[in-house]
Structures are given as structure tokens and as C-alpha cells.
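Since the structure of chain L is provided, determine the placement of chains B and A on it from the hints.
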Amino acid sequence: MSILSADNLTKNFGGLMAVGNLSFELEMGEILALIGPNGAGKTTVFNCLSGFLTPDEGDVILEGKALVGLQPFQICQLGMARTFQIVKPFPTISVLDNVMVGALSKEKSTADAKKKSLEIIEFTGLSSMTDKEAQGLPLPLRKRLELARALATQPKVLLLDEVMAGLNPTEVDELIALLKEVNRQEISILLIEHVMRGVMALSQRVIVINYGVRIAEGTPEEVVQDKEVIEAYLGKEFLSAQG
Amino acid sequence: MDSTLALQLTIQGILLGGIYGLIALGLSLIFGVMGVINFAHGQMMVMAMYVSYWIFVLLGIDPYLSLVIVAAVIFVLGYVVQSSLVNRILDYPEAIQVLPLVSLGLVLENCALLFWGPDHRSPQTALSLKTFWIGSVMIDVSRLIAFVLAIVITILIFVFLKKSNIGKCIRAAADNRTGAILVGINVDRINNTSFALGAATTAAAGVLLLPLMPVSPHIGHDFTLTAFIVVILGGMGNLMGALVGGLILGVAESTSTLFLPATLKQVVSFSILIIIMLFRPQGLFGGKK
Amino acid sequence: MIRFYLFLAIIFAVLLLLPLFLDNYILGIFVMIFYWAYVGQAWNVLTGYTGHISLGHALYIGIGAYATTYLALTFGLSPWIGMFFGGLIAAAIAFFLGFLGFRFGLRGVYFVITTIAFAEITRLIVSHIEALGSFTGIFLDFNPSFWNFQFRGNQPYYYISLGFMVVSLVVVRLLETSKVGRFMVAIREDEEAAQALGVNTFKYNMIAIAISAFMTSLAGAFYANYIFYLHPNTLFGMSTSIELILRPIVGGLGTLFGPVIGSFILTPLSEISRAYFAKGGLEGLHLILYGVLAILVVIFMPKGIIVYVKKLLAPILKSKIT
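Protein chains in written order, with the working numbering: chain L, 1 to 243; chain B, 1 to 289; chain A, 1 to 322.
Extracted from the complex, chain L is given alone in its bound form:
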């Protein structure tokens, strides 16, 4: 059963087609990875899904509701949360206050929001930083914070934009474990990722896009052996050198 679907999504910037007729479905409970070389249009897709950009053509359906034309905050309230490629913490307030903003979009009272926030902070391993100013956090913890805030909005679908970038292998493994746990709590995940280790470990399915169009789809193992995908990442010469 698909929880999120994009249908013929198209976005142009001036004369440039950033995303072209892209269609895909995210099954309920699934982790789907969206990969592709730099500039392939992945973040544009996210922006179209989450309301930060309006696609020129196409539909986005979340649990049967049409999302195109809605504002980002409305889409979040409907159950789809996103993180940003370059993290956007609320710098001068504490980790707890950061997460509470997310929690308050669903919880009615501040007390409930605080309780929920502390739970999520615990879950994401940020307890020791609860009262620290967000801008003082090192990058890996800022990424956790970004994730914690999004989780606080009680999403059914989570859009993660390169959440593993800049992390060392240990940090990546920790995050993989955390995301598996998130998924176990019935949150479907669509992730943009360059860190292949994460893609292989987490996703059940992978979609590869290049120049805004899908060039491959399948399990992680299938996709990394796909000729078109290799060519997209490594170039024609590599492919012909391989024979």
C-alpha cells in the first residue's frame, strides 16, 4: 500500500528542466533511497514534495491527500516531515527548545510537548545536550537534532536529505541503527543519500535519477550493477574500459 506517491513530477527553472516526469511510490513502512550524481535534481524533488517549491506539472499524494499547492507547514501537519541538506538548527536556543517547536505542531499543551520532546531527545541520543545552545553543537549532533525535530512532529513519512553527509563511519553506523529503529516505529522513509554504506544498509528499494529523470529502480544490489547508473556516476569512458 503506498503512503506517498509522486506522479509525473516536473519542475523547470527558466529553460532548465530540473525534474522531468518523475513518478514513484513509497510503500507504507518502506525505506526508499533516492540517489543520483550531484545536480541530478534530488533536492528539487524533495522541495516539490514538501511544498517549498511548486511543481510545474504532476501530483503528490500523501495518504490519499493531494499536496501540490499546499504550504510546507500544512504538509508537515498532514504527516510528512523533512530535514535539510544543510542543517538549519534554531541557533541561539537550546536543543530542548528546538525540539519543542516540532512537538508543538502536534501536541496541544506545552507540558505534553516538553514530555514528548524529552522522549525524542533520549531516543536520538541527545540527552547530554538537552539544555545546550544548538549552535554550539558539532555537526553530527546537529544532524541528530535535525532528525529529532522532524520526529517530534510525529510524521508518517520522513524525508531525509543527505543526513549522513560529513559523518565518519562510526557516526554513520550509529545513524543507520537509529533510522532502522525509526522505521520500526512505522515511519516510512524516503532518503537522499550519497553515502552508499547507508543506502545499502537501510533501503529496501532504490531509485536513481540523473538530469531530473529516473534512470534505474530496484534493490540496492541490482541498482549498483546497472550499466546506466555506473555511466551516470563514473562516465562513459569507465564503462567502456570495463568492457
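By construction, these hints were calculated from the structure, which means they are not laboratory data. Hints are not guaranteed to be accurate.
So the derived label-pair ranges between C-beta atoms look like this [stated by the list, open to error]:
| hint | chain 1 | residue 1 | chain 2 | residue 2 | range |
| --- | --- | --- | --- | --- | --- |
| 1 | L | 59 | A | 92 | 35 to 41 Å |
| 2 | A | 7 | B | 120 | 48 to 54 Å |
| 3 | B | 91 | L | 7 | 43 to 49 Å |
| 4 | L | 57 | B | 261 | 52 to 58 Å |
| 5 | A | 6 | B | 96 | 33 to 39 Å |
| 6 | B | 213 | L | 17 | 55 to 61 Å |
| 7 | B | 130 | A | 299 | 45 to 51 Å |
| 8 | L | 91 | A | 315 | 24 to 30 Å |
Built from N, CA and C at the ideal position, the CB exists for glycine as well.
Coordinates of chains B and A only, in the frame set by chain L:
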């Protein structure tokens, strides 16, 4: 509607508009290079007017002749302000930068009040009251000279920026700060020079204005606002836009007196400002950012 | 925490008792301290907490003053009631401004300039309205009575002004800990991120500007009945708009006690230098001091003097419990 009157007002507006353009040119230069909105702009102009006034009163030198000296004095003032104050706030968010500059304007304005008192001062120069006629239109000599000089100075600045080495560095820094640093341009020095040049340009405008308008400590902020309106009208950082915007605003203000009392002139200017900000925020000549 | 509230209670008690010991002139200074602290706090709601800089807040002071006065002169309406109508008008105009800013995208410096433009346009228009005193202004008759919001001597004004300040502290404190206030801060910190977390930023921006405008306009009503003279240049003028932002900036932008601390520092400074220097012909010196102080604070102590005050008071306030 009396067409002679309308023509008269239009011409007066154009003549004054040249000066507006010059004031705005200074502001635009500062914004173009550093992205800083100089909220103390009008007050710097007022300083220039006072310097020019006192040179006239104490040394007998006509403002038009002392213009270069005054501009140089204000250039130095601008350099000092930039290197000691503005430099430190360059990386602050745009809106926060406003605060120290507004405070600077406050300081300059009240320094003028402190030193020279609140009275209006107007130099009685040789040309003060001379006029001549073209057909049925009366033209103030001072206004005409001011306009011509304003255009000349504007052209000189354009040429300077286009041809001279420093000018090219300034344009480079305005275009792409990081790139300029990477090719070895001393961006700090360029920032200082740009601010100083912007201040000096405005100073020149003030000197040209002096024979036309009495100076008092508090007229500064009206001119800061006028400069803003012109810059937004023409396009932030666009120097040609500043000139054209100045002319347009000059004419708009002047001809508005056909329908409104002169004291409501500024309502027209502000309304133009709001309309431009809403419907063409990049200004008439600004490209899309 | 308990120590801190005790501390506040003591200060409040002292302030309540001061009028018994001070002469009328000094009381007048305190009236102004509380007044500017209140106005600064109202501005703080929009600028410090929500992050939208307004340099035209005098607009709302003017609206409050003129609306209240007009209703009092024309209908004999008590300023105690009139001030709420003034507040509604101020909020309405703030909504209009807010629309231009938050829906039509006039942000950053464009927003600042819009706030200036609104104040200036209103100043010019009011200067041409006969019923509102035109260029001469309005002189209020002195008919002291509670209902008229006019009193003999500074003592009653002292308590009212103090009351305003305390109420503003309570209101902003409640805001700080509530959902509305938290969303406002989120907008200030990163409006896009706030959107992504489900915050209806347009709605909360509008709430912020309306509250700020409403609160500010009440100060205008107070001012009119304290000074007894209304003039568009004072009430809507840029100098007032600039004056009212200095205390929160110096004290601590976006903090609860910033405007109060700022006012306790700058207002006496202003009064003393005005009294001392103006006689010697050094008019305007106090504004120069203001300006220099504000510049220094923004550059060297961007978080305001409150940071040092907190450090100073830390030993006194350190709770034994936590």
C-alpha cells in the same frame, strides 16, 4: 491645468532630480559593494553642507568652488566610519546592520546640533537669487548649475569606476567578494574606499544643494529616506538606476504640488516607494537577483 | 528559581514604596523609565522575539495618543476605554503592514523601510487634519480625575506607568513560555525551518505585529495624558521611533528584562544630561551619548548589557536547590 506651470514644475523637478540622483548614487555605491544600507547617509550630507557653509562664511569661498575640498573632507570622514564601524558589522544580518548606522546618524545629527545650533543657515552667495527665463519658464541659476554639476560628477564617477584600476577593483568586489579576495584584491581597503567615495558623492550633492536650501541639523533623515526611495526605484546597486530614479522622483515630487499641498509631497514619494517594493522590488533597472 | 522571584519581589516592593521618599521631579524620571521600558518591551515582541525590525514604531504611539484624545474630546470617552479602541486601530494598521511584509514578501531591509514609510506617511497626513490639530498640535485641558486619566503630581502617573511595565513583563513572560512565543522565536531563528516543522509562519508573524502594535499604542494614550500636548512630529516622528528602540538594544534584544535594564540605564542618563547640559547650551549631547552607546553595544556586546547583569547577579541568585 496650467500647462506652463506643469512645465515649470517638471523642469524644476528634473533639476532637483539630478541632485537626488547624486545622493542616491553614493548610497547605491555603498550598497553595491558592501551590501550595507547606510542609514546615516542623509546626516553625512548635512555634515558636508555645514562644512561648505562655514568655508563660505569664514573664508568667503563659494560652495561650488569649495566642493572638491568638502568632498575630500567627507571622504576622510567616510573612510574613518567605514574602517572603524561599518567593517565590523559587514557580516551581520542585513536588518541588524541598520541599528548601528541609525545610531550613527543620530550621533552626527546631534553633533551638528551641538556645534552649530538648531537654526537654519543659508549662505547668501553671488548666484543665490539669480534667475533667467526660457520662454515662459523661469529657471533658477543655482538650480541649473547644481544640475549640470550633478550630471558631470555622476559621469565622472561612472568613468572612474569603469576605467580606473581602483574602479575596477571596486566593481569586482561588488560583483563577487570572494572572487575579489581570491585574485588578491585588498577587499578591506576597497570597502573603505567605496564607503568613502559614496560619502564624498553625497557630500558633493549636499554642497550643490546648499545654495538652494537652508541647512539645519535635522534635515538629514529626510534625505536618507529620499536616497532610499531613489535607490529602490532605480535598483539597489545600479548606478544608472540611481540617476534615472532621482530624475523620476524629482519630477514626481515637483509635479505633485499641482494636486497636493507642498507639505504632502513626501506622501507621494513614499507611495511610489511602497508600490515599487511591492510590484517591482528589484527596481526599474535592477536585474533579478 | 525561587531566589530569583524573591529578588524580583523585593525590587517590586522597593519600587512601590519609593514615591514616599522621592520628590516630584525624580518621580517624573521614574515615570519615564517605566514608560520607555514598557514601549521598548512592546517593540521587543516584534523585533527581539520574532525578528522583524521596525523603525517606525512611533506610528502606534501616535495612533494611541490621537485616537484616545479624539474620542475623549469628541465623545467625552474616558481614555481608560478609549485606549483600547486606539489599540484596535493600531492592530488593524499593523495587520495591513504585516500583510505587505509577510504575504507580499517585503522582508529584511524592505520591511524596515516599509515601517518607516508608514510612520512618515501617517505623520504627514495627520499634520494636515484640522480635527487632529494639524501643524499646531493639540493642547489638552487639565481636568484631573481618574476617569479623565489626568492627575495632579507625578505619583499617580508613577504607579500607572509602573503597572504598565509590570503587566508587559508578565505578558511577555507568558508569551515566552507559550506555544505562540516559541513559534515566534522559531521564526526569528530560522523561518524556513519553522515552516518545515509545521509552524504557520504567516499567522504567527501577524499575531506578533498585532500584539506589538496594540501594546505600543496604549503607551501613546498614557503619553498624551501625561504630557498634555500632542504633535505629529513628536508622536509619529523618526526620532521617537529611534528613541524607543535604543533601550531594548542596549539592555538586551529579545530578552525579558532587556528593555527594563536598558531603560534604567539610558533614561536617567538622558534626563541628567538633558538637564545638566542643555542649560550650558549643549543641547543634543544626550542623544550623542545614546547613539554612541548603542553603537558600542551592538558591536561589542551584541546580546546587550543584560549578559553582564546576569553575571553580576549570579552569586546572589544561585539557587541552593538545583
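Outcome of the hint check:
no.: 1; hint: L:59 - A:92: 35 to 41 Å; result: holds (39 Å)
no.: 2; hint: A:7 - B:120: 48 to 54 Å; result: holds (52 Å)
no.: 3; hint: B:91 - L:7: 43 to 49 Å; result: holds (44 Å)
no.: 4; hint: L:57 - B:261: 52 to 58 Å; result: holds (55 Å)
no.: 5; hint: A:6 - B:96: 33 to 39 Å; result: holds (36 Å)
no.: 6; hint: B:213 - L:17: 55 to 61 Å; result: holds (57 Å)
no.: 7; hint: B:130 - A:299: 45 to 51 Å; result: holds (48 Å)
no.: 8; hint: L:91 - A:315: 24 to 30 Å; result: holds (29 Å)
Of the numbered hints listed earlier, not one is contradicted by the structure.
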